[in-house]
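Chain by chain, the residues run as shown.
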Amino acid sequence: MSAVTHREAAPGGLWSRMSLGQKQVIWAWGFLAVPLAFYAVIRFWPTFQAFYLSVTDWSITRPASFIGLENYKRLFADPLFWQVFRNTFMYLILGTPISLLISFTVAYYLDRVRFMHSFIRALYFLPFLTTAAAMAWVWRWFYQPVPIGVINDMLASFGIPQQPFLRSTTQALPAVLAPAVWAGLGFQIIIFLAGLRAIPVTYYEAARIDGLSEGAILRKITLPLLKPTLVFLVVFSSIGFLRIFDQVYNINTNDPGGPLNSTKPLVLMIYQTAFSSYEMGYAAAQTVVLFLILLVISLVQLRLMRDR
Amino acid sequence: MRFRHLLASVAIGFATLATTGAKAVEIEYWQYVFDTRVKAMNQLIAKFQEANPDIKVKQTTFPYADYQTKVAAAILAGQGPDVVQLFYGWTDNFIAGKMIRPLRAEAFPAADIERDFFPIVKAMKRGNDYYGLPTAVRSLALFYNKKAFKDAGLDPNNPPKNLDELVAAAEKTTKRDGSGNIVSAGITLDMAGQDHQWWREVLVRQFGGTPYTDEDTKVTYNDDAGLKALTFYTDLQKKHKVGQVGFMDEGQAAFRAGLAAMTIDGTFRLGSFNTIKGFEWGVTELPANAEGLRSNYASYFANAITTKAEGEKLAAAEKFLAYVSSPEAMKIWLEVVGELPARRAAALTPENTGHPIYGPFLKGLDYAHTTLFKDEAAQRQVAIDMVNRVLINGDDPKASLAKAAQDEQAIIDRAKR
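From first to last, the protein sequence lines are chains R and Y. One point on numbering: in my numbering, the residue at position 48 of the first sequence is 48, and numbering is uninterrupted. One point on numbering: in my numbering, the residue at position 9 of the second sequence is 317, and numbering is uninterrupted.
Treat the hints with care, as some may be off.
Distance condition first, Cα-Cα at most 27 Å in a straight line; then the derived DSSO-like pairs of lysine-lysine [unchecked claim]: (1) Lys621/Y x Lys483/Y; (2) Lys73/R x Lys536/Y; (3) Lys536/Y x Lys378/Y; (4) Lys430/Y x Lys724/Y; (5) Lys455/Y x Lys547/Y; (6) Lys458/Y x Lys73/R; (7) Lys73/R x Lys711/Y; (8) Lys458/Y x Lys378/Y; (9) Lys430/Y x Lys536/Y.
To give a feel for the contact side, a few chain Y residues facing chain R, derived at Cβ under 8 Å [unchecked claim]: (10) Glu358; (11) Asn696; (12) Arg697.
To give an idea of the interface, some chain R residues facing chain Y are shown, with a C-beta separation under 8 Å as derived from the structure [as the list claims (entries may be wrong)]: (13) Ala33; (14) Thr61; (15) Ser65; (16) Val146; (17) Gln162; (18) Asp255; (19) Gly258.
No lab work stands behind these hints: they were computed from the structure. We treat Cβ as the ideally placed atom computed from N, Cα and C, and that holds for glycine.
Take these sequences, add in the hints, and give me the full structure.
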């Protein structure tokens, strides 16, 4: 005890000359150093590694040699890349607004439901807890032709011609997207509900006293105040749809991304290049491109939707 | 004093344990998960360990989808198997990555291998060295549902012998609903299954062509024969409407469910089809063409010794490889998995050749071809896409064939670099 008081009292020690604030900073960084170092090794190092690999021709089985921008040249000249690029954006352009619209509508009305509210909410959330692979296999069965496909059996019983769904180059992508949207709804609904609940009830009371219609309340109060929630969900779900993989891979494992590459997203192309053809360098170049797309889209969205 | 004695005996006990522990060499064997194969290998390992008490074999299995990646990653990291199972079509990749080592000629003389095994094992030979040996080989045959044949008024003991009879039988056995949808197929169409092999090594040849030349590095099916083969195949769905790609999801599933009268599949499917309870099925050789020409596709998984195995592990690995490619092991493999022995003497017994199920597969081995794939998955994808372009997009078969040939040549050329 006396030793401690003695040290604290001793003049000239670096530590004792620091202010409380400085000490706090040092302690904070001391604690932060561990996760930071961990993060750098686990996250940044592989990222830089990927950048480096993308300018080599590494193929797992052969040592890597530097080939400059060869992989990028090949990628941009590859018609498959542009097809996959289009597909990826189709997932984004269709998936994000549709899923947000549905989940907002559900959340908006669910917010007013008192009867079995938590139970219904849990039901919506259930698909989000399910493995994407298992879900994709169930939906794969839904889409089968007669006599086993649930949807086509129903169509056939109403005398409507059966649809090819996963065997069509035009229907396959929406067919794959549907379970992905459906699965994500639960999460978005929960977030929307939280956002709706965070709006003070007094605003609504005031608006109703002023005689505003429900539509006007929605436009003038609910939506503007939901903006932070909306920004989060738009960015979050965009990234999700740009990285779509498990649904696509599992719904058509015999011809992943097919038929004729009509459902293949960028991530699946990367996966196949890397783990089926072992062209790691080429796959790394594709990864870098995906990274840049994600980065740009997220930045643009954040900028467009930030509070002015 | 007593305590000391106790201590000494414990020490001696540990010492003996340690020495016996050090004596037993443990080697690792890796293969992919396929129920009957794992079961068969467990039996082989038990027998091998009984005969070689100083060697322990540990079997590791994981799903086929990650197989190559995991093996490559593990061996390159200095981990992984000492003896590994690999598809013959991956050999070049595994050699290039220095993952497997050539078999020592003293332990496995090439002359003996060539005398005793079916010639298709040559696909494991590079230069003068063999890089692995199979336990079993697989070929294709036509499976048919005897009940469906009987119901359609066909003789269940007289399956189609040529392509015309195949189409005729398929037409008779196809069932459709009021709107013309197939509810039970005459023949399964599944390019992602074995049909791409049937098309490449069988149909193309039967229509007068060859799929490749120059050790399978030059694609040569983009000609009249290839076009006829493709048209024959796609007509099964387009013209004759006896099958449908994607029907019941997979060809083998449709056949298992009794909703397809015929399917072309390999020996490896026997284990699964043997559990069918609802109907009796038969096997016959792949149909000949009008002139009676037959062809088949044979393939196999070989067992190779990895570069990781060294010293006493290498010796143990060699012993184990010799055992799993022995006639005794092949017999067990045939009984449990249903795959044909890779040694001629073990395969061509009167009992096997006269067998109603093994017989047609064994006959197929006589005239079978083995494609030397560069990137099996990608080359199969080319065939899948070729058929899809015709069936889904309605493309001209000629254009689709030309594009397939071009795409596949590009894959092969890239792999050569």
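Going down the list of hints, with the structure as the test:
Distance check on the hinted pair: Lys621/Y and Lys483/Y sit about 58 Å apart at the alpha-carbon level, beyond 27 Å; violated. Between the alpha carbons of Lys73/R and Lys536/Y the distance comes to roughly 37 Å, so the proposed pair goes past 27 Å and is violated. Proposed proximity of Lys536/Y and Lys378/Y is contradicted: the alpha carbons are some 40 Å apart, above 27 Å. Between Lys430/Y and Lys724/Y, the direct Cα distance comes to roughly 20 Å. Compliance with the 27 Å bound is thereby established for this hinted pair.
Proximity of Lys455/Y to Lys547/Y is assessed by CA-CA distance (about 25 Å); at most 27 Å being required, the pair is judged to hold. Proximity of Lys458/Y to Lys73/R is assessed by CA-CA distance (about 60 Å); at most 27 Å being required, the pair is judged violated. Between the alpha carbons of Lys73/R and Lys711/Y the distance comes to roughly 22 Å, so the proposed pair stays at or under 27 Å and holds. For the hint pairing Lys458/Y with Lys378/Y, the CA-to-CA distance comes to about 47 Å; that exceeds 27 Å, so the pair is violated.
A C-alpha spacing of about 30 Å is found between Lys430/Y and Lys536/Y, which places the hinted pair above 27 Å, so the restraint is violated. Given the 8 Å rule on beta carbons, the hint for Glu358/Y is violated: about 37 Å separates it from the nearest Cβ of chain R. The criterion of a C-beta within 8 Å of any C-beta in chain R is met by Asn696/Y, whose closest approach is roughly 5 Å, and the hint holds. For Arg697/Y, the suggested interface contact is upheld, since its CB lies about 7 Å from the closest CB of chain R, less than 8 Å.
Restraint check, Ala33/R versus chain Y: the minimum CB separation of about 29 Å is more than 8 Å; hint violated. Interface hint at Thr61/R: satisfied, since its Cβ lies 3 Å from the closest Cβ of chain Y, which is below the 8 Å cut-off. Because the beta carbon of Ser65/R sits about 12 Å from the nearest beta carbon in chain Y, more than 8 Å, this interface hint is broken. For the restraint placing Val146/R at the interface with chain Y, the shortest Cβ-Cβ distance is roughly 5 Å, inside the 8 Å limit, so the hint holds.
The closest approach between the C-beta of Gln162/R and any C-beta of chain Y is roughly 6 Å, which is under the 8 Å cut-off, so the hint is satisfied. Satisfaction of the interface hint for Asp255/R is found here, the shortest Cβ-Cβ separation to chain Y being roughly 5 Å, below the 8 Å cut-off. A distance limit of 8 Å between C-beta atoms decides the matter here; for Gly258/R the minimum to chain Y is near 7 Å, and the interface restraint holds.
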